[in-house]
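Colleague: Letter by letter, the chains look like this.
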Amino acid sequence: MTETIGIQLVSYSGAMGLILLGIFALVNYEHLIRVIFGLILLEAGVNLFLITLAYRADAVAPIMIEGQTAAMVDPIPHALVLTAIVIGVAVQALALALVIKTYQKYGTLNTRILAQRIAEESGTRMIEGIPTEVKKV
Amino acid sequence: MNAIWLVVLPLLGAFLLPLVYRENIKLRIGIGPFVLGLNLIIAVMIWFDVAANGAHTIVMGGFPAPLGIIFYVDQLALLFVIMVILGTLILWLGKEKDYIGYIQEETLLLLIVGGSCGLVLSGDLFNIYVFYEIVAVSSYGLAASRGSYAASVRFLILGAFGSSLLLLGIALIYAVTGTLNLAHLAVLAPQSLQGIVGVTAFVFIIIGLGVKAELFPVNTWVPEVYTTAPARISALLGGIVSKLALLVILRLLITLYESSAAHLLLLTLGVLGVITGELAAMRATHLRQMLAYSSIGQLGLVAIAFSIPGPAGIIAGTALALHHAIVKPALFMLTKAWGKQLSDLAGASKVSLLSSLLFLVFALSLIGIPPLPGFWAKFLLLKGALETNIAAYQMAIAVVLIATVIETTYFMRIVRLMFQEELKKTSTLKAPALQELMPACVFLAILLISVFAIKPMGTHLNTLAISAADKSVYIDQTFDKTLFP
Numbered sequence: 063m064t065e066t067i068g069i070q071l072v073s074y075s076g077a078m079g080l081i082l083l084g085i086f087a088l089v090n091y092e093h094l095i096r097v098i099f100g101l102i103l104l105e106a107g108v109n110l111f112l113i114t115l116a117y118r119a120d121a122v123a124p125i126m127i128e129g130q131t132a133a134m135v136d137p138i139p140h141a142l143v144l145t146a147i148v149i150g151v152a153v154q155a156l157a158l159a160l161v162i163k164t165y166q167k168y169g170t171l172n173t174r175i176l177a178q179r180i181a182e183e184s185g186t187r188m189i190e191g192i193p194t195e196v197k198k199v
Numbered sequence: 006m007n008a009i010w011l012v013v014l015p016l017l018g019a020f021l022l023p024l025v026y027r028e029n030i031k032l033r034i035g036i037g038p039f040v041l042g043l044n045l046i047i048a049v050m051i052w053f054d055v056a057a058n059g060a061h062t063i064v065m066g067g068f069p070a071p072l073g074i075i076f077y078v079d080q081l082a083l084l085f086v087i088m089v090i091l092g093t094l095i096l097w098l099g100k101e102k103d104y105i106g107y108i109q110e111e112t113l114l115l116l117i118v119g120g121s122c123g124l125v126l127s128g129d130l131f132n133i134y135v136f137y138e139i140v141a142v143s144s145y146g147l148a149a150s151r152g153s154y155a156a157s158v159r160f161l162i163l164g165a166f167g168s169s170l171l172l173l174g175i176a177l178i179y180a181v182t183g184t185l186n187l188a189h190l191a192v193l194a195p196q197s198l199q200g201i202v203g204v205t206a207f208v209f210i211i212i213g214l215g216v217k218a219e220l221f222p223v224n225t226w227v228p229e230v231y232t233t234a235p236a237r238i239s240a241l242l243g244g245i246v247s248k249l250a251l252l253v254i255l256r257l258l259i260t261l262y263e264s265s266a267a268h269l270l271l272l273t274l275g276v277l278g279v280i281t282g283e284l285a286a287m288r289a290t291h292l293r294q295m296l297a298y299s300s301i302g303q304l305g306l307v308a309i310a311f312s313i314p315g316p317a318g319i320i321a322g323t324a325l326a327l328h329h330a331i332v333k334p335a336l337f338m339l340t341k342a343w344g345k346q347l348s349d350l351a352g353a354s355k356v357s358l359l360s361s362l363l364f365l366v367f368a369l370s371l372i373g374i375p376p377l378p379g380f381w382a383k384f385l386l387l388k389g390a391l392e393t394n395i396a397a398y399q400m401a402i403a404v405v406l407i408a409t410v411i412e413t414t415y416f417m418r419i420v421r422l423m424f425q426e427e428l429k430k431t432s433t434l435k436a437p438a439l440q441e442l443m444p445a446c447v448f449l450a451i452l453l454i455s456v457f458a459i460k461p462m463g464t465h466l467n468t469l470a471i472s473a474a475d476k477s478v479y480i481d482q483t484f485d486k487t488l489f490p
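Residue numbers (my numbering), protein chains in the order written: chain B, 63 to 199; chain D, 6 to 490.
Think of the hints as simulated: they come from the structure by calculation, not from any bench. A quick note: this is a predicted structure, and the numbers were derived from the prediction, not measured. Virtual Cβ for every residue (Gly too), placed ideally from N, Cα, C. Hints may be right or wrong, so weigh each one.
[As the list claims (entries may be wrong)] Label-pair distances were calculated between CB atoms; the ranges are: (1) Q178(B) with Q109(D): 51 to 61 Å; (2) M134(B) with V204(D): 27 to 37 Å; (3) A123(B) with M65(D): 18 to 28 Å; (4) R151(D) with A133(B): 50 to 60 Å; (5) R174(B) with V204(D): 56 to 66 Å.
Just chain D, same shape as in the assembly:
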């Protein structure tokens, strides 16, 4: 199976969807999930193929690299592809029954999945920019899908600013190297990208990609969009799509920037993100706003993990990203009925015990309580950071531990409200509908299965990270050995 289908199918589905809607009203329920399901099957088939035979590249239009555009298919990229498709599919369960704007939202959802797959698979800098724009534009549309135009336009301005900086960074890299192919750049980087121009380009790229990755200085859109967009969209953007930009940054760190300056820059932004995100989450008075700030903090953790050089960082970062991609969407789905002021949640366990228990389990996993996967993800991060023996990473450990304490404070405050307070007489709290709880239950099932599958998952992550951290594999897979001996 060719990995190009992963991008083509959702895009094709997105543009055919309006036509199908016009012709056949009955097909409209199934077509989105059908396309995504097909895509998921293809992704899993490619996963097994890659697991058996190793990473490979796909050449577009018959022009070999470095002239042509390539897709680089390895397990790391496929893992994130599967995460996006599966996450979107599960969140599809949580749509409202009587919503009329299906067609716009579903088209954009398919578009964002296609763009995301292209973003993680692409092995060409300019292609990364184009797919990043596809993802960005569809997320502006999704953010505005229920009439929250003001939040969306503020998001768009920041996003377009980021995209321009990303393009500027790519132009600078092209100016000093004369190529856009990642593998070719990996060959040239040790000579040409270590200077001031190369590092400047990285600063522009990291700020540009940082808008979607919710990195420290450019994440002001996060609380606004996540509190005004529908729960399903906040879950998708905050829990799943935001990690892909971080994965691209990781790829650039592995192939282009092995210097410590670039790693330390990402570490600094990650640490600042963790501090600001968690402190703001503690002061938030609204459940959704709290979750939005907490997702800034969690993505800061992933950034810290990815900034650790070598396979240890990739293992920790991937584990943290996958864990967050299970937990945060589930928490956001609960806010559809309960997205209120925190004080309104008093006595919520009397209204719906199931939802309160779901909240408790996910909150515990996010904090990192031992049997749950969140603990192992944070443990891997601390272990990886300790083993570097660099002072900056030891400081980051302190920040991560303090952030965990803050996280515990604000999550347990809500759990106490839910379980120990009496229900107010004036309370308007309703039990969430089963439809809304379904995605959360599926995510809970995945979480509990992974509790028992920690060990095989660890070994898989290990082999995946070792092959992903080696840039010579990337170069060998892309070029004939004769070209760059």
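Here chain B stands alone, though its shape is the one from the complex:
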């Protein structure tokens, strides 16, 4: 029994660790590839969390066989994770495709510089923080 609690504990803390690492990477880094790695970690963490929800001690795969009495794991989170993984891969592929296009166009992958370039191109000025002077339009 203590062993199964150990498994769940490791799995839960693994999921939480991945989620926190992912959010840390998203917030902390400015390089787009690193940010996308952060996203991948975050998604992996959420998926691991769902898998851990399904875990039952000493349970078997949820397939009906005659005369079966052992407990089964919860199949619903498995189905959800399968879908979530597919969606995640598609989004990551799209992200990387856009990254390639962005690099070809701007020659940089730094998000902060990219934000400035977007603002310059569209002729807007970035609005952040408290105004230091009021400009007359």
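The hints should help you fit chain D onto chain B, whose structure is shown.
Modeller: Below, chain D without anything else, positioned relative to chain B:
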């Protein structure tokens, strides 16, 4: 008519479109509007059916709830479905004549309509996540459709972060309740979702959905995408699609979170959105950037309205959302020719009086000048907030009124530039083409018709909101009475 067609038809159309384009070049003009028109007819037919017989559910694959996946079809959801389809159809008029990238853009437009219909109709949390992803991914594609890849990839990162948090919230709800069906959750919520885990799940979900709903902390993508995407796409994303995520939040508030903590959280985010959006709009120097920030403020208003418990909040929020869905796309369509620095708009009424007048009417309605519908929407919001008798909502009223003053400042500043300044000699201002003005004119017609139809619309909204605010209707429609007596 089965409401499943509302989702299936646009999806089918989206995936058949590339094939049709390859085979028959002449069909390509009509196929998108044809699919949407068919969809609109189906939606209106279901609307009348539901108005006569009440809400109903659709069971997928023959598995009844709570095991199977359901669609919940009521007037509130159908109203937003009709809004999306009609809005996309009107914006279809505003496409450029000589643009080559039709096929990608039209496929994605059909995809976003199908995803949106599924998002508002779905009665299953995980289905909501899947449809939310469909809508999100197609909007990343639409944002990048004219080469603004950098804005799109920044949008994608924030959106994917939101989707992951949404999934985490759904996983937490599943962990404490063991079900994903909204009606089943509504039965279980009073016991199991009031604790700390339930509220945490709601925080994750609201931040996740908030990315599309332009809620306060996660809306940094808004100005970037709306200034770089084509006018038609900004109009669709900002004016129409952004409300659907708010509708999902409203559904969760009604069925799952009746506690005041969840309502106050949405109220706080809404108030912060209104303050930041309007203040930033006042400082914007570019017309499109101003409209983008103003749409953050307007969606903050809708969030405040939806956070008011009971039918009053639903009436006010729906009215505000529909009004904004008419006005903001029209304003964005005008920016195709005039999406410039504000100072360049001096003397614009001499270039095109019609466009300037259109801008004036829509701006007045957005501010809330009495005969126009915008006034009634804001009035309903203030009335609903006053009647709650809760201090936080009274504070929100003050914020809404101050925001209205700020709104007046920045819109009237532009109107003054347009009508009172002389046209500069160096001005490069051109009159917008008729094609671009067409959607705005149609939206104006809808706006003016609704001025005269305020009273019947009010009574309709009232009955709709009362049935939508009652979660026992939702539960009764989904389950056999024998299952949960």
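Colleague: With reference to the structure, classify each hint as holding or not holding.
Modeller: Results for each hint:
Here the CB-CB span from Q178(B) to Q109(D) is close to 28 Å, at odds with the stated 51 to 61 Å. In this structure, M134(B) and V204(D) meet the distance hint of 27 to 37 Å, their C-beta atoms being roughly 31 Å apart. The supplied range of 18 to 28 Å is met by A123(B) and M65(D), whose beta-carbon atoms lie about 25 Å from each other. Between R151(D) and A133(B) the beta carbons are some 55 Å apart, a value that agrees with the proposed interval 50 to 60 Å.
The beta-carbon spacing between R174(B) and V204(D), approximately 34 Å, falls outside the hinted interval of 56 to 66 Å.
Hints 1 and 5, counting from the list given before, are not met by this structure.
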